[in-house]
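Line by line, the protein sequences give chains A and B. Position one of the first sequence corresponds to residue 1 (this note's numbering), numbered consecutively onward. Position one of the second sequence corresponds to residue 1001 (this note's numbering), numbered consecutively onward.
Since the hints were derived computationally from the structure, they do not count as laboratory data. Treat the hints with care, as some may be off.
Below 30 Å or equal to it, Euclidean Cα-Cα: the simulated DSSO-like pairs (lysine-lysine) are [claimed, not checked]:
| no. | chain 1 | residue 1 | chain 2 | residue 2 |
| --- | --- | --- | --- | --- |
| 1 | B | K1006 | A | K34 |
| 2 | B | K1034 | A | K148 |
| 3 | A | K116 | A | K148 |
| 4 | A | K6 | B | K1006 |
| 5 | B | K1034 | A | K6 |
| 6 | A | K34 | B | K1148 |
Facing chain A, a subset of chain B residues (Cβ under 8 Å, in silico) [what the hints assert, rightly or not]:
| no. | residue |
| --- | --- |
| 7 | P1063 |
| 8 | Q1103 |
| 9 | T1120 |
Pairwise CB distance ranges, derived in the manner of DEER restraints [to be verified]:
| no. | chain 1 | residue 1 | chain 2 | residue 2 | range |
| --- | --- | --- | --- | --- | --- |
| 10 | B | R1160 | A | K6 | 37 to 43 Å |
| 11 | B | H1038 | A | Q91 | 45 to 51 Å |
| 12 | A | S164 | B | K1034 | 45 to 51 Å |
| 13 | B | E1232 | A | E208 | 48 to 54 Å |
| 14 | B | R1243 | A | A254 | 37 to 43 Å |
Keep in mind it's a predicted model, so treat the numbers as computed, not measured. For glycine and all other residues, C-beta sits at the position ideal for the given N, C-alpha and C.
There are 2 protein chains.
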Amino acid sequence: MGTITKAIEMLNYFSHRRPEIGLSEFVRLIGRDKATVHRHLSELERNGFLEQHPVTRAYRLGPAILRLSGVRETTHPLRSVVRPIVTELAQEVGELVHFSLLQGQTLSPVFHADPKMHGTQVHFDEAELLPLHATASGLALLAFAPKKLTDRVLAGPLERFTESTITDPDILRDLMEKVRETGCSKLEQGFDNEVSSHGAPIFGPDGELLGALSIAVPHVRMNPEKSAAIREALKRGVMKITRSIGGNIPPRHAGKWGTDA
Amino acid sequence: MGTITKAIEMLNYFSHRRPEIGLSEFVRLIGRDKATVHRHLSELERNGFLEQHPVTRAYRLGPAILRLSGVRETTHPLRSVVRPIVTELAQEVGELVHFSLLQGQTLSPVFHADPKMHGTQVHFDEAELLPLHATASGLALLAFAPKKLTDRVLAGPLERFTESTITDPDILRDLMEKVRETGCSKLEQGFDNEVSSHGAPIFGPDGELLGALSIAVPHVRMNPEKSAAIREALKRGVMKITRSIGGNIPPRHAGKWGTDA
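In isolation and in its complexed conformation, chain A is listed as follows (with noise of 0.2 Å):
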């Protein structure tokens, strides 16, 4: 790993349930020397990726992040287009929807709304980096992806996260046919415990894959009739995504979430 990637790894420590981490804490978290940690921080800071608290000196995410993620929103508008649709199809369906991006191998999220109508929720964390195997994002990614990641992605390794995670290629392909078919992607219990969700991908300007929709459900509460309700929703999600970001469904797979006329 390179000392970049090392230094820029370190800020994926932030959570909404650790905003804050402290020199020694993140030392024990990353079990690397406390010089070069420190070395590491110091540069993150100088450049305004972290800053330290004012009286604690703990770090937290710094201005740079708020100002590039301001000049990315206004060269390709993604957030702010994506957020009211997000919220609408949330409201309409009752469940946490969320948005997120191809990263590498990984779904890194951009938005999620919960329109908290229920006495459960399933708890939603945007810091947390996504699987692609383990989580129906992912499977509604992979199902649409160059040979070539999906290959990559499918030798391995497979982490296991629940009893349900699939971690068989073979049987991940064949889901992936599946969704293929559909449009949309529904794993049960697959990444945890207690939710189900369903996904499908989202197309850019070029048709490349950009991300995916998707929709978690406490697994309780998940049921033939909610699953359909579900699938139409985010059908309905992908052809407004698509129209706003000014997307193009490549036209072997149109049809797949409705049509434009």
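Since the structure of chain A is already known, use the hints to place chain B on it.
Relative to chain A, chain B alone:
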């Protein structure tokens, strides 16, 4: 300069005017050898800080930035809090309002709103880091900054951006004195020949200097009445933002921007 800094500083080349940069353009911009530039770009791409255009292979800011800014916003909401206040203020005064965060010895823009009510507008690029000594925002910060930061900035180098940029530390110190009294800074044509701005500091929950609120006007439109109206608007803005982020104005500066009663 460390390797990490060299790599992540490449992210600063992206702006509204330059949303995508190809490999050879990067080599030209940075003036380093192609192999090094390519290695750094690849490492940033692998970590999701850059992504490549599917057709042209040009680089643009990547999905990891959206994810990390989402994490920062949920754990330390700032843009979402500042956005409506800045937008409302811009409508009230009919001029461009922006909010920036202190990042080391520069200012990192977070959000700006432009009501577009006049024939000419200030062009504001959120991608650009702002100098402390040559902007109204920066001067507002320097006036209330810890002596250490002020001394370091005034020790120079103090870059000259226009003929009106003040680069004499003594004159800057006199100005800062005035800003400390009134709570607001005013700088005419210091950063851009066609722009005059007012600024005021924003303090965080621990009374620490967080950033600055600023109103920028085409210089030709600036007059004493406008200046007075802008100062009042800035003060209202400072109080609103401070309340919304749970900020604390240090007791020795209390009342300079209004009272909470």
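Broken hints, numbered, in rising order? Numbers 3, 9, 14 - these are the hints that the structure violates, sorted from lowest upward.
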